[in-house]
Amino acid sequence: MKNNIKVERAIKGLTQEELANKVSVSRQTINAMEANKYTPSTVLAMKIAKVFSKSVEEIFILEKND
Amino acid sequence: MSSKLLLPNRFKGIGWFLFIPSTIVGIMISLTGFEARWLKTIVFAIFNDEMMGKSQSFSLIETNVTNTVVGILFIVGAVFVGFSKEKREDEFIAKLRLSSLLWAVWVNYVLLLLAFLFVYGTAFLTVMIYNMFTVMIIFIVRFNYIFHKNSKLV
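Same order as they appear, the protein sequences are chains D and S.
Each residue of the first sequence is one higher than the last, beginning at 679 in this note's numbering.
Each residue of the second sequence is one higher than the last, beginning at 776 in this note's numbering.
Bound conformation, chain S alone:
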């Protein structure tokens, strides 16, 4: 993997600081449907449609941005954790990163296939929401698991 596509190592720490809390909060929000009142604000929307209303494009709308904030923090955190250099980048780590990505995409789509087969109705919407984040989560878990397994002295 070309190291040009990797962020400097210092981003990794910031990444963990964003990734873990936003994952936990994200799961809690998806379970409870919680929306923070103070996060209701006016935003610019390229496109917006309400369940029972008309759709708008390129306009300012008032909405609750709890999901937006948590989602952005998750994406930034996950990218920082997943795509930052290790303290000492080398060929084994580059290979491990790529193989973990392949592994994560495999696992993710096997899970999604099973969801397609066995989950129906509005529950499938929940599956789709989780599926937006699972590739990165599986990738990060797999990479760090193998990395730390190889950190132990044999």
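Okay, chain D solo, but in the shape it has when bound:
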């Protein structure tokens, strides 16, 4: 699964730290998701989508091998 957290974050003008605080995770978690090294739980994915006021599918995109 890929995501465009980094792009959405840039649009909103948020740093990794700020986004992390908004969804109550560590900055490392945001970093790992942006680098596609970590697939978040459903809860976290929905929280992130909420911060960007978008649907989950607009932020997280399934890939062929998923």
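No wet-lab data here; the hints were simulated from the structure.
Careful, some of the hints might be misleading.
DSS-like cross-link-like pairs, simulated, lysine-lysine; straight-line CA separation at most 27 Å [to be verified]:
hint	chain 1	residue 1	chain 2	residue 2
1	D	LYS725	S	LYS870
2	D	LYS700	D	LYS684
3	S	LYS862	D	LYS700
4	D	LYS684	S	LYS927
5	S	LYS779	S	LYS870
6	S	LYS924	D	LYS684
7	D	LYS700	D	LYS680
8	S	LYS787	S	LYS870
9	D	LYS728	S	LYS787
10	D	LYS680	D	LYS725
11	D	LYS728	D	LYS680
12	D	LYS732	D	LYS742
13	D	LYS742	S	LYS860
14	D	LYS725	S	LYS860
15	D	LYS725	S	LYS927
16	S	LYS779	S	LYS860
17	S	LYS924	S	LYS829
18	D	LYS715	D	LYS742
19	D	LYS680	D	LYS732
20	S	LYS860	S	LYS787
21	S	LYS924	D	LYS700
22	D	LYS700	S	LYS860
23	D	LYS725	S	LYS779
24	D	LYS700	S	LYS870
25	S	LYS870	D	LYS728
26	S	LYS829	D	LYS700
27	S	LYS927	D	LYS700
28	D	LYS715	S	LYS927
29	S	LYS860	D	LYS715
30	D	LYS690	D	LYS680
31	D	LYS715	S	LYS829
32	D	LYS725	S	LYS924
33	D	LYS690	S	LYS779
34	S	LYS927	S	LYS862
35	D	LYS690	S	LYS927
36	S	LYS815	D	LYS715
37	S	LYS862	D	LYS715
Listed next, the stretches of chain D that the computed footprint assigns to chain S, with coverage defined by at least 3 CB atoms under 8 Å from CB atoms of chain S [stated by the list, open to error]:
hint	region
38	699-706
39	709-717
Every residue, glycine too, gets a C-beta built ideally from N, C-alpha and C.
On the provided structure of chain D, position chain S as indicated by the hints.
Below, chain S alone, put in the same frame as chain D:
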């Protein structure tokens, strides 16, 4: 991982303070066989046997406790470092902790298997001594390496 099994974050600092010195001292002791004279004392032993003597159980014995002290400091330090919460515990860190544990057990037993195959005689005893501590060392190194790699801004 249930956070009930984790210690509060403040233990992490104490852990590093114990873990690093005791690792270094432990390696030095294993290489030199050093025993501090002032650490000779009387202790309670559930079981004790001397190389050439008789064995004793549930008795007070006089022995040098250098290894005991360093070993205890290492175990306490390693457990504090390895099993304390991060400042901000979350799902990624919990997953990283578990995967690092699995990774450490794998690496540890691959190394031990190689030692079984290629190390013989009294040298194998040294391997066994190191092996008591390597799981925690590998786990701590792996966890912190990945954690700090993800701390760098991409």
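Going down the list of hints, with the structure as the test:
no.: 1; hint: LYS725(D) - LYS870(S); verdict: holds, 19 Å
no.: 2; hint: LYS700(D) - LYS684(D); verdict: holds, 15 Å
no.: 3; hint: LYS862(S) - LYS700(D); verdict: holds, 16 Å
no.: 4; hint: LYS684(D) - LYS927(S); verdict: holds, 15 Å
no.: 5; hint: LYS779(S) - LYS870(S); verdict: holds, 15 Å
no.: 6; hint: LYS924(S) - LYS684(D); verdict: holds, 18 Å
no.: 7; hint: LYS700(D) - LYS680(D); verdict: holds, 21 Å
no.: 8; hint: LYS787(S) - LYS870(S); verdict: holds, 18 Å
no.: 9; hint: LYS728(D) - LYS787(S); verdict: violated, 34 Å
no.: 10; hint: LYS680(D) - LYS725(D); verdict: holds, 17 Å
no.: 11; hint: LYS728(D) - LYS680(D); verdict: holds, 18 Å
no.: 12; hint: LYS732(D) - LYS742(D); verdict: holds, 23 Å
no.: 13; hint: LYS742(D) - LYS860(S); verdict: violated, 36 Å
no.: 14; hint: LYS725(D) - LYS860(S); verdict: holds, 23 Å
no.: 15; hint: LYS725(D) - LYS927(S); verdict: holds, 23 Å
no.: 16; hint: LYS779(S) - LYS860(S); verdict: holds, 10 Å
no.: 17; hint: LYS924(S) - LYS829(S); verdict: violated, 54 Å
no.: 18; hint: LYS715(D) - LYS742(D); verdict: holds, 17 Å
no.: 19; hint: LYS680(D) - LYS732(D); verdict: holds, 16 Å
no.: 20; hint: LYS860(S) - LYS787(S); verdict: holds, 8 Å
no.: 21; hint: LYS924(S) - LYS700(D); verdict: holds, 22 Å
no.: 22; hint: LYS700(D) - LYS860(S); verdict: holds, 20 Å
no.: 23; hint: LYS725(D) - LYS779(S); verdict: holds, 25 Å
no.: 24; hint: LYS700(D) - LYS870(S); verdict: holds, 21 Å
no.: 25; hint: LYS870(S) - LYS728(D); verdict: holds, 24 Å
no.: 26; hint: LYS829(S) - LYS700(D); verdict: violated, 66 Å
no.: 27; hint: LYS927(S) - LYS700(D); verdict: holds, 20 Å
no.: 28; hint: LYS715(D) - LYS927(S); verdict: holds, 14 Å
no.: 29; hint: LYS860(S) - LYS715(D); verdict: holds, 21 Å
no.: 30; hint: LYS690(D) - LYS680(D); verdict: holds, 19 Å
no.: 31; hint: LYS715(D) - LYS829(S); verdict: violated, 58 Å
no.: 32; hint: LYS725(D) - LYS924(S); verdict: holds, 25 Å
no.: 33; hint: LYS690(D) - LYS779(S); verdict: violated, 36 Å
no.: 34; hint: LYS927(S) - LYS862(S); verdict: holds, 17 Å
no.: 35; hint: LYS690(D) - LYS927(S); verdict: holds, 21 Å
no.: 36; hint: LYS815(S) - LYS715(D); verdict: violated, 52 Å
no.: 37; hint: LYS862(S) - LYS715(D); verdict: holds, 21 Å
no.: 38; hint: 699-706; verdict: holds (count 5)
no.: 39; hint: 709-717; verdict: holds (count 7)
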